[in-house]
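A.B. asks: Residues per chain are reported as follows:
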Amino acid sequence: MSLAKKYPKEIKQILSKYPLEHKRSAVMPLLYLAQREEGYLTKAAMQDVAQIVDITETEVVAIVGFYTLYHEEKGGKYRMQVCTDLPCALRGADEFMNSLCANLGIKVGETTGDGFVTLEAVTCLAACDKAPMFQTQGPDGIKYHENMTVDRTMELISILKRSVREVK
Amino acid sequence: MEHILLRHRDIAEFNTLNVYKKNDGFAAYKNAVTKMTPTEVTQVVKDSGLRGRGGAGFPTGMKWSFIDNKNWPHYIVANADESEPGTFKDREIMEGNPFQFLEGLAIACYAVGANVAYIYLRGEFWELAAFLDEKIAEMEKEGYLGDKLFGGEYSLRMYTHLGAGAYICGEETAMLESLEGKRGQPRVRPPFPPSYGLYGKPTVINNVETFANVPPILARGANWYKSLGTADSAGVKVFSLSGRVRKPGNYELPFGTTFRELIYTYGGGVQDSRSVKAIMPAGASSSLILVNDEKVLDTPMDYASVRTIGGDLGSASVIVIDDTVPIDWLVNKTVHFFNHESCGKCTPCREGTYWMSNITERIREGRGVAGDVDLLLNVAKQMQGKCLCALGEFSTMAVVTGIERFPEDFKKAVSKA
Amino acid sequence: MSKQVTLTIDGIQVTVPEGIVVADAAKMVGIDIPVFCHHPKLEPVGMCRMCLVEIGRPVRDRATGEFVMENGAPKIQFMPKLETACTNKVEEGMVVLTQTEKSREGQKSTVEFLLTSHPLDCPVCDKGGECPLQNLTMAHGPGKSRFIYDEKLRLGKHVPLGNLIVLDQERCIQCARCIRFQNEIVGDAVIDFDDRGRGTKIVSFSDPGFDSVFSGNTTDICPVGALTTRDFRFEARPWELDAQASICTQCPVGCNTTLNTRREPRAGGDITVQRVMPRQNEEVNEIWICDKGRFAYHYAESKKRLSRPMIREDGKLVNSSWDAATKLAADRFLEAKKDFAVLVSGRLSNEDLFTVKMLVDRSEGTGYLYSRMGGGEMTSLVGMSGGSNFANMGRGTTIVVVASDLYEEAPIWYLRVKQAADRGATLIVLNARETKLDRYSSYVVRYAYGDEMKSVQDLSRKTKIGDAFTQAENAVILFGSDGLGIAGSAGLASACATVLQDSGHAGKPNNGLIGVWERANDQGAWEIGFKVEENLAEVLQGRTVYIIGADPVSDDPNLAKALEGAAFVVVQDVMETATTEIADVVLPAQAFTERDGTFTSGERRVQRFYPAVPVTGEAKPDYAITSQIASHMGVTLEGTSVSVLFDGLATSVKSFEGLSYARLAEVRPQWPIVGRGDMYYGGTTYENKHGMGAQLSAAATRGETVDIPQIDKEAAPRPKEKELLAVPITRLYDRGTTVMMSADLLRDRIGGATIALHPDAAQNLGVEEGQLVNVSFDGVSGDAVVKLDDTIPVGVALIPRSMGLAIREPVPANVRPQR
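Residue numbers (my numbering), protein chains in the order written: chain B, 1 to 168; chain V, 1 to 417; chain W, 1 to 819.
With the rest of the complex left out, here is chain B (with noise of 0.2 Å):
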């Protein structure tokens, strides 16, 4: 089913914020909306979102390119984005991040097996005083976790597998 028949209420409440002559605006927020089932943007997502905002399917591609956010290709069910940068590294991410990858028996970039995380190292989140953190980004958007350990991370892990398994 394509976007504009799926998401009518949503797609018209995004157009809205912007004026009419500019409704190109909306193509951020409407691939949020188009990623929010895959978690990911899939061909004919990014064609329904270059139809609804009239600009060619190229340019959608191209937005979606420049933009870390928007992922192109199928990952875990969460991606877990792990802040690496300097003011998270003086406090400790890189050797978090190396705990996390032998706790989960992955490499930066790689999904688990059961293809639920996919364990990443993103640049700064904002968040410096309160390292090491990451977000999550998956089916219930972007949340932060903030002054993270390994145990911890891994709780949260078996709390999210629950939660999706209940929504099933």
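Any given hint could turn out to be false.
[What the hints assert, rightly or not] Straight-line Cα separation of at most 27 Å, DSS-like style, residue types lysine-lysine; simulated pairs: (1) B/Lys43 - V/Lys182; (2) B/Lys43 - W/Lys201; (3) V/Lys226 - B/Lys17; (4) B/Lys77 - B/Lys43; (5) W/Lys157 - B/Lys43; (6) V/Lys182 - B/Lys130; (7) B/Lys12 - V/Lys135; (8) W/Lys81 - V/Lys381.
[Unchecked claim] One-sided excerpt, in silico: chain B residues whose CB lies under 8 Å from chain W: (9) Thr56; (10) Val61; (11) Ala62.
Worth flagging that the hints you see were computed from the coordinates, not collected in a lab. No residue lacks a Cβ here, since even glycine has one placed at the ideal position from N, Cα and C.
With chain B's structure known, arrange chains V and W on it following the hints.
C.D. replies: Then chains V and W, alone, in the frame of chain B:
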């Protein structure tokens, strides 16, 4: 001392509309719209000496007065793209004291004649955007936003807009491009946004913290505000303290507070009681200030004083580096960041950050040779003064000052090879 | 004239128009500031940082606004940083230094940065020899690399952006000229950058890839060897090529081109055309050409070229001598008397047509223009005349496009009209269906097929659109034959001429009527006095026919049948066709690449083309063949000199009066300056050294009484209830025999026969998208693939011309699903 910006630290539930209202919330806004002309509002802000809190420190009232009154409509965009490594103050303001920020934004809109404001938040502030949407809806319900406000002719609407992971969108023209639904690449300036901004219309862009300063300035007067801080840097500032300190966090202090006070009095001192080796006063974009002399720590934090010790105060995101940190490691981190965030539009930044990242990686991994340090310095200097926007210039700051001020660290790194 | 500004560049004082950028000002006075991203046709972006220079500005006194003086001269303040010459506009008193150590360091730095990621594969690069990066590296580059070669990015070397253009990602320097061209000038944003930072790369996600008919131009303005055409890549080195000026023959726009030629081993060492390049004519095509013009030239060297005269003996075509063949033709023409009929097409030059016209006039026979569109008489009366130029149109001008899809029918006119609209011209699009130009128009009128004339007549009414037309300072109408046959388009032309005459626009420069014809020189044929015949099949029946430059047998089964019943058929053409197969005499003509002559464009500009390659076999120019036949008929006509013929034309046909063959070769200074040594400025387009042509006069400009025949009947039939009206439309890439069949490269884009239906109509017929159906009408029957299009009316079916179904005019059709 009572907070001016981080008032939520003094008053419980300050981020609820009722509590905010009870504490004189929106009084300045209502007074401005009903009793003052836009020019009068701008004049008060001008007189207060308020300078932009995003990093450049441009006088706020002057920026507002540049708006082109021959071309309409006008827009205001609040820069909530907080992405500089070491900066995390706007997030706390928006979470803890959202209405003061929104009220300041509303006053600014009135002052420049904008009927629509966009709040551009970095994409990672997804939950915060939803939170602000709620606050905006409450303000609409209470008659602070909408049509014909306070029984007059003025109308105002506010919308949040999420970015999607691009540091460069904090650059104001890149932000406008992004808001227009394009790749967030900076525009050539001039023309500047006050004459050619969002959708080609006159636009004022200010940082979240800047807006949060506006309601108290209007409520208590320009002279009161000027009495805080120093002659060159009026008022208070939220200092984001991070790195090797015991109590990292935001500290609202008057300009002119010393690094020593920030680090030791407020930040609880350096972790493991080590000594301070270097300070980055404006996040990853900073020069590395060499702390070889304890007196450096007694430098007052205002725009002019920080310049005397070879740095810039910028957004006042103070990263503390202790003597355990190798500077070549640090430079590799900052260069990696800028290489990742370079938008690719202009040659020196696109190629220079990539090249610098190659060399620092090499040095860091012990594959570097003596000539690499000179080459790195040379590439950085070759970039300086040639990039389209400030990002390229920023990427060279830690490199150049790191090599020049901490040569031993680099010598040691390449001698491993 | 715009306000002038005086500044100093490298010590030279220059006065240039206000508002231009420093790089352009320098260029105007012969100082080359190196650039990559800057292109004088594109908006400044300041991306590549190649043009960094020192810029000083006079200090003004804040109170008085006057210059502050210092030692008798204005005090100049330089910025601490270098500035880009491509984004800074000239200012009074500005001082620009391009050669100081600081400026040179800036330029050198940029070249070095660009080379860190560049593969330096010049020896195997198609651009080598005409490459801005190569040239600027020689001028400014470092001698040695400080970048570790093994750490260079390895990227795709052969990435097809579509089937015409190939991208080498390693060579790309991210200047975005191609993307900006497609976005700003064309409006087809089908290529863009993906990723960011050093990962930035050009991509296309359109279907088909790089879906634009202007794609080839990006290879001209690409300042490196990143974009190449499938046609030319790996074919030749630029320094091996000769260049000959020519005119594109693919449509009535008359784009100025340059044919690059070389001895080709694969052609047995013959000189062949290696590529077609744009040649600057700011009054016609600027520095652009469309992909059809660029890639569809191969027919001239097709294996099917005719090389010797032939006559039919015992039912078979056998080689003959020129004398015998032309004598045979002449004898039969004389014998035929009134039954002598001549069919000429717009493929012929003005001189060819003039020669044939004289022959027809001195015989008892009749001449016909072989075209599916009427109305040319109107363009002789109120057409475009001397001094007209789309480039000068903007605010104050109203351009009407009626019954034409310019993007498909005359792409460069689409570009010119779009740009005029971008500059503020009022664009009114009248059409029964959506076209690409709608997006740039101020008004779109969607009429029902059959209401074409009425929609034009409405322009003289007191409405908003009417006022936009009648009150305009200048008004131009381009009319086509979308959905129309000969009668319909003739009626439409007369309606257009009437409104132009009534509004007082006719007869002034930058005003008038333009026919969007099928062929390059249809306009010339109309001017010289040829007319179209609605019932061509009927009038050819049983006659002796001399067909020049046309293939009616392939085009239309009804004409094929008529010619079967002809008394005698002489065919003169460049290639074997279905018509030469039934001919009694076949006469080989030279292709336009082998000879000289002139064409008249739809804007009524006469332009010269020149020989570029040796003649195929015994082929002769069309005018010489006609002259030889004429001499056998006892009529003496010039048969050797094009210039004599042209000057004869100029004295006998009123609209050509005042022109001379020599005058057509005149050039005027043009901006931007392109095609010289500095390819980095304008690209590899060619400078015009061989003539910009001259426009004809129109009856209205000569002050003659303009008598427009009033055609009262409706231009075209309307769909009746429960009937499907098939209407002809034109596609750029069609199967026209002399045009496209040899263009292998474009075969994918041509496709097969299609029929476009509204989804409701398709449902009524029980057919679906992509289904094969049988279509039949008026003696024609054939298969076509269904395309659904909800922007067209329910009662009509669109059938592209020259795509296998011979549709001449709107006609009720039957559609049956196959199987």
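A.B. asks: Give a verdict on every hint.
C.D. replies: We went through each hint and held it up to the structure:
1. B/Lys43 - V/Lys182: holds (19 Å)
2. B/Lys43 - W/Lys201: This hinted pair holds, its Cα atoms lying about 19 Å apart.
3. V/Lys226 - B/Lys17: violated (37 Å)
4. B/Lys77 - B/Lys43: Answer holds: B/Lys77 to B/Lys43 is near 19 Å, not above 27 Å.
5. W/Lys157 - B/Lys43: holds (25 Å)
6. V/Lys182 - B/Lys130: Violated, at about 33 Å.
7. B/Lys12 - V/Lys135: holds (21 Å)
8. W/Lys81 - V/Lys381: Satisfied, since the Cα-Cα distance of roughly 13 Å is no more than 27 Å.
9. Thr56: OK, holds: B/Thr56 within 8 Å of chain W, min 5 Å.
10. Val61: Holds. Min distance 5 Å.
11. Ala62: holds (4 Å)
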